[in-house]
Amino acid sequence: MSTKREWFAAFRYVAPADFEDWLEAQAHEGWQLEHVGQWSSILMTFQKGEPATYRYVIDAQVSPRPDYLATYQDAGWEHLGRMASAHVWRRRYDDLRPEAFTDAETVRARSQRFVGAVAVAASVLALGGLAMLLASFFADLSAGDANQMLAAGILFASMAVLLIFVAVRIWRQRDR
Amino acid sequence: MVITLRDASARDMVRLVRNRRYSPMSETMFYILFALRSERHGYGVMQYVKGLTEGRIVLGAGTIYTSLGKLEADGLIAVTSRGDRRTNYLITSQGAEVLRQEARRITEMSRYAKEIL
Numbered sequence: 001m002s003t004k005r006e007w008f009a010a011f012r013y014v015a016p017a018d019f020e021d022w023l024e025a026q027a028h029e030g031w032q033l034e035h036v037g038q039w040s041s042i043l044m045t046f047q048k049g050e051p052a053t054y055r056y057v058i059d060a061q062v063s064p065r066p067d068y069l070a071t072y073q074d075a076g077w078e079h080l081g082r083m084a085s086a087h088v089w090r091r092r093y094d095d096l097r098p099e100a101f102t103d104a105e106t107v108r109a110r111s112q113r114f115v116g117a118v119a120v121a122a123s124v125l126a127l128g129g130l131a132m133l134l135a136s137f138f139a140d141l142s143a144g145d146a147n148q149m150l151a152a153g154i155l156f157a158s159m160a161v162l163l164i165f166v167a168v169r170i171w172r173q174r175d176r
Numbered sequence: 177m178v179i180t181l182r183d184a185s186a187r188d189m190v191r192l193v194r195n196r197r198y199s200p201m202s203e204t205m206f207y208i209l210f211a212l213r214s215e216r217h218g219y220g221v222m223q224y225v226k227g228l229t230e231g232r233i234v235l236g237a238g239t240i241y242t243s244l245g246k247l248e249a250d251g252l253i254a255v256t257s258r259g260d261r262r263t264n265y266l267i268t269s270q271g272a273e274v275l276r277q278e279a280r281r282i283t284e285m286s287r288y289a290k291e292i293l
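Chains A and B, in that order, are what the protein sequence lines are.
Each step along the first sequence adds one to the number in this note's numbering, with nothing skipped, and position 108 is 108.
Each step along the second sequence adds one to the number in this note's numbering, with nothing skipped, and position 116 is 292.
Any given hint could turn out to be false.
A partial selection of chain B residues facing chain A, derived with a Cβ cut-off under 7 Å [unchecked claim]:
#: 1; residue: THR204
#: 2; residue: LEU235
#: 3; residue: GLY236
#: 4; residue: THR239
#: 5; residue: ILE240
#: 6; residue: THR242
#: 7; residue: ARG258
#: 8; residue: THR263
Just so you know, these hints were derived from the structure itself, not from any lab.
Even glycine gets a Cβ: it sits at the ideal position worked out from N, Cα and C.
Excised from the complex, chain B in its bound form:
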């Protein structure tokens, strides 16, 4: 499931990528966006990324909180529900497109990286 924001436009997404806020994307942002292809709260993202990377990446609480705020402000994720303590987030259509563009960039780099191994 991906959320589509009414006020989101392709121009906004292009702006985010072109001004290099998300391209190249930090490993932290990549994995948070990747994790939020399913609805998760902050701690859920931390656990998911730790499991996915077999413990190589352990995101700190401050990093998760700060990054979720930035991604939400930029329209790449959106709040889906708020409980007493936790808030659930999900990637938006803009976030999914930015993530796909980053995946293409990494895939291209990976192709050339294999040549030197």
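Okay, chain A solo, but in the shape it has when bound:
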């Protein structure tokens, strides 16, 4: 059975609806996602199979209540796993495309949860980067250590800026 790997897919399709549509297009072409793990946002592996029509849904839940899985599973959704706080669900369909979020209020709440998670990560990286940059300039370090600290600080700050762009992009599409 052939497989294909997709790198950084979750970062290329940052809006939840875009990521879901991309997964659905993969399934249409016969590339099936069978499992999602903590590192799937970086590397995602698809198995070649029969083309199928699946509706995918991603839902950010940091600490879901005990009935979270049952609520989806009872409604016919298959849990593929989670990457960080993002749970990935799918459901096969023939004609009417199923929706997990069926009103405007909860669609927006879903987007807000993603924006919140990204904002927390961006804040941590920004604070870490700032601390490293300050240390590289003001701490009593050797020239080599100071340069390494500076490079790490720039990397952290750059990742924070990238995540801010991601959060803005998700927010702009919050009603999808």
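We have chain A already, so just place chain B on it with the hints.
For chain B alone, coordinates are given in the frame of chain A:
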């Protein structure tokens, strides 16, 4: 049966309605609260609302889960029992009052709506 929360007060209920979190109430919230006049779990609510509206409203799993969490946090419903997988919920006295207020609002609108039909 309606649950009365010890820490619930009329002031809390008035606050929820006045700050327009539940007035006007979305159709989703109305039917979830309506369904939880009897004890039900999430999927039970979905089935009940679908049957009640003859398939016009099919609540999604994410919508049900999110809405139940919000209603519980606001004290309009409460958990009555937790099984291995499912959790049962029931409307509280605050939830019942908020639902009644919404019913009055809809009834008034309905009276005027009939005049244009």
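Consistency of the hints with the structure:
no.	hint	in the structure
1	THR204	5 Å, holds
2	LEU235	6 Å, holds
3	GLY236	4 Å, holds
4	THR239	4 Å, holds
5	ILE240	6 Å, holds
6	THR242	4 Å, holds
7	ARG258	6 Å, holds
8	THR263	4 Å, holds
Of the hints listed earlier, there is not a single one the structure fails to meet.
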